[in-house]
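J.: Residue-level listing of the chains:
Protein chains: 2
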Amino acid sequence: MELLMEEISRIIPSGQIFTSLADRYSYSYDASFGSYLPEMVIQVKNKEEISSLLKLANTFNIPVYPRGQGTSLSGGPLPVNGGIVLDMSQWNGDLNIYPDDLVAVVSPGVLTATINEEAEKFGLMYPPDPSSAHVSTIGGNLAENSGGPRGLKYGVTKDYVIGLEVVTPEGEIIKTGGKTIKNVTGYDLTKLIVGSEGTLGIITEATLKLVPKPPATKTMMAVFDDLVQSGKAISKILTSGILPAKMEIMDQFSIIAVENYQPLGLPIDAEAILLIELDGHPLAIEEEMRKIEEIFTEFESVRVKIAKDQDEAKSYWRARKLVSPAIVKIKPTKVSEDATVPRSKIPDMFQKLKEIREKYDVHLVVFGHAGDGNLHPNIICDKRDTEEMIRVEKAVEEIFKAAVELGGTLSGEHGIGTLKAPFMEMELGAAGLDMMKRIKQIWDPNNILNPGKIFPEEGQKLVLRE
Amino acid sequence: MELLMEEISRIIPSGQIFTSLADRYSYSYDASFGSYLPEMVIQVKNKEEISSLLKLANTFNIPVYPRGQGTSLSGGPLPVNGGIVLDMSQWNGDLNIYPDDLVAVVSPGVLTATINEEAEKFGLMYPPDPSSAHVSTIGGNLAENSGGPRGLKYGVTKDYVIGLEVVTPEGEIIKTGGKTIKNVTGYDLTKLIVGSEGTLGIITEATLKLVPKPPATKTMMAVFDDLVQSGKAISKILTSGILPAKMEIMDQFSIIAVENYQPLGLPIDAEAILLIELDGHPLAIEEEMRKIEEIFTEFESVRVKIAKDQDEAKSYWRARKLVSPAIVKIKPTKVSEDATVPRSKIPDMFQKLKEIREKYDVHLVVFGHAGDGNLHPNIICDKRDTEEMIRVEKAVEEIFKAAVELGGTLSGEHGIGTLKAPFMEMELGAAGLDMMKRIKQIWDPNNILNPGKIFPEEGQKLVLRE
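So the protein sequences, as listed, match chains A and B. Its first residue numbered 1, the first sequence is counted upward by one per residue in the UniProt record's numbering. Its first residue numbered 1, the second sequence is counted upward by one per residue in the UniProt record's numbering.
Accuracy of the hints is not assured; some may be wrong.
Unchecked claim - Calculated lysine to any residue pairs in the SDA-like style (CA-CA distance at most 20 Å, straight line):
(1) 213/B / 287/A
(2) 314/B / 358/B
(3) 232/A / 212/B
(4) 236/A / 125/B
(5) 394/B / 358/B
(6) 175/A / 407/B
(7) 175/B / 426/A
(8) 55/A / 98/A
(9) 236/B / 263/A
(10) 437/B / 445/A
(11) 213/A / 243/B
(12) 329/A / 265/A
(13) 437/A / 438/B
(14) 209/A / 243/B
(15) 55/A / 17/A
(16) 55/B / 42/B
(17) 321/A / 263/A
(18) 175/A / 422/B
(19) 121/A / 240/B
(20) 209/B / 286/B
(21) 308/B / 214/B
(22) 209/A / 159/B
(23) 47/A / 429/B
(24) 55/B / 98/A
(25) 232/B / 265/A
Unchecked claim - The calculated label-pair distances, taken between Cβ atoms and stated as ranges, are:
(26) 123/A / 447/B: 34 to 40 Å
(27) 48/B / 94/A: 26 to 32 Å
(28) 48/B / 21/A: 56 to 62 Å
(29) 23/B / 441/A: 18 to 24 Å
Derived by calculation from the structure, the hints in this document are not laboratory data. Every residue, glycine too, gets a C-beta built ideally from N, C-alpha and C.
So here's chain A without its partners, still in its complex pose:
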């Protein structure tokens, strides 16, 4: 360790190296579960530093854990084997928009929301909008392939990445893709690395595709007494030729939680609220809105409201934004899942979740991106209550099984990290998982980069207790 420190101090200025217990503790957790002390934290701001560090790490066989702002809900940046945490959040100075090419080029520490704000100055838009966009880095979003409400119409982070600069696990600097929209020169390493949760390389620069900002947006809200009817309305809208920018759902438990937390006048006796944002040409939106109103009536919505201006629209979305802070007021621990099903299976998934809630007597709240089948079942609990947490673990396991049985997936946008690793084989099969592992092994033969993520250890089980 001393020899390693000596070598590190040759390549990294001392002001960027942190070894005190307090500093190390600050980097020991993220927004998921568990706490693991790294041996040191290094703040990096250029690719050469990262390249040299990774070469050293291979020589000394010490794990390296890249990290943005630590907002991961799946344990992505947790230093589960100790070693070095590489704090990328300070490398936030580069954000260039090239309007003629319709691209942005960014450094990994830039906050995601900033990219869209800059793009808007040129009449452009960076569509991916994870709820954490104002506090999470684009580097973290790239590692996890983050989604968000606009995923329905616009897709996720990966759909907007056309080029990367990456330091490989062995410290080589490579470029993938470029500034062109079309590129079929060899294997698509860009899309392999995006979403690989920092296990295949450290992204030092990304080229992101931008699109013209739609000229108008409009928000509407519908209240349903029957959850199943709301599910049917969603299906009908999506097959009627309309593709809303966002289509979000809040179940009764979310509505009650928000009203208790901050009274907004939401109908606490309703089984579901649907929130829709349309964007595009103003006249097209107007027509789509009428069509959606008819569909809502057909499926017995008890109330439909159309925001008359941006302020009113914001107030509707405020209810959705408050769900997360509201539910942690009920009990201190939130187990936030993102199991995703094919769109047509949304009503079935709601039924399954209801059964799981009753079977394990857990406080299960459901909200999320209804339009693309990416629900967020959240279980509210208290991690100090062992008996309760055992029930929660069983409920979570059954949520994953339900999603996979309905033809869905463990994770729509949060990533596998440490928490979902035990369930990988259930979805992928042994051979599918093996093909992924082979890539990790041949790219990172010493298993230096973010080890302990994605791939389950022998016999690994979900444990949410401390």
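Since the structure of chain A is provided, determine the placement of chain B on it from the hints.
T.: Frame of chain A, contents of chain B only:
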């Protein structure tokens, strides 16, 4: 070989095995260069046959070359090392649309245009539209990640693939992705395999994302006396908030070729014709059309025509479709490239192509997908004329260099295959190419599946002579 034949006849019905010289010759070439006789051709129609065959091929160390309809422009299916050609084109019976999930599930031999035709019956659209869509298989499109004019607004094949069933090079059957739009469960093998040119696995089923069919489309054409002005008009349109579905260009040489081939009344003294298709809400299109007209006037277009109905629109697109058949009437050999540059570099690329045309005295025709920087420089020549072909080889090499120097790529949509392999390191660097090779080696340790593609052999050069 005899022992292998004996083993094969145990797993494949004899009617699906072809060994006569005539049959083997039919599978020895594609739409690119060169001819290589396979030792046998096997038509397969299910994954179990393919799995067993690949296991045998590994035992006997014999190469396997998957093939759709053989329309590749880069040599994708050529059996360069002999061995077995796997004809997938007969496996064309499965095409199911799931309108509630907005997906289609298809077998590899289905013709691409058929998918869109079936989707339209449900008010949906499968956007990728390579020019060969009526004759090429979806399997081939997936292997090459095919593009097309609609790539400008809608992206390419890869953007629509959410799940695959694949037989690995060693004969294991795996599933990647699924039926959900969002999926971050482990590495994105789906997008790694799509575009890997049949070197990483044989796709036996694909789940494709569909989108609502736009309610209206409109076509317009503009004539320019000055190529550079047309390039500026393209940039202005794209940064004005309008994203056309298609934006195609034909240079003067293409215009003349088409007029000589089939007189359509095109202006043979014009330097460029731009063809645009807008789609979306009828009122939005109307407004966009007016804006584009203004831009055309600003950049000195000498004539703008708007198709009054679908028939007139078709006649405009006919000109673009005739370019390929027209130019091969001039000379028998067509070297079709797809070097792609960032959108803002389109005028520079035109300038470079002009210089290359003069420097090597080649018959260079330029047309293609102007809106996304994916031009198609085609050199018309006669492959029996060795002196000319040497000049052509040099010109092609310089086209690749120009594209890479302008921040672009060797191939936007045709693939690397055999033809562009020698130039891979120029674009990717040694380390980038090595990371790709590692994946091939660990997935296909015996180098059974489509060997001789993408990765250059030591000292390999472009040779277009027979």
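J.: List in ascending order the numbers of the hints, as given earlier, that are violated by the structure.
T.: 2, 8, 9, 20, 24, 25, 26, 27, 29
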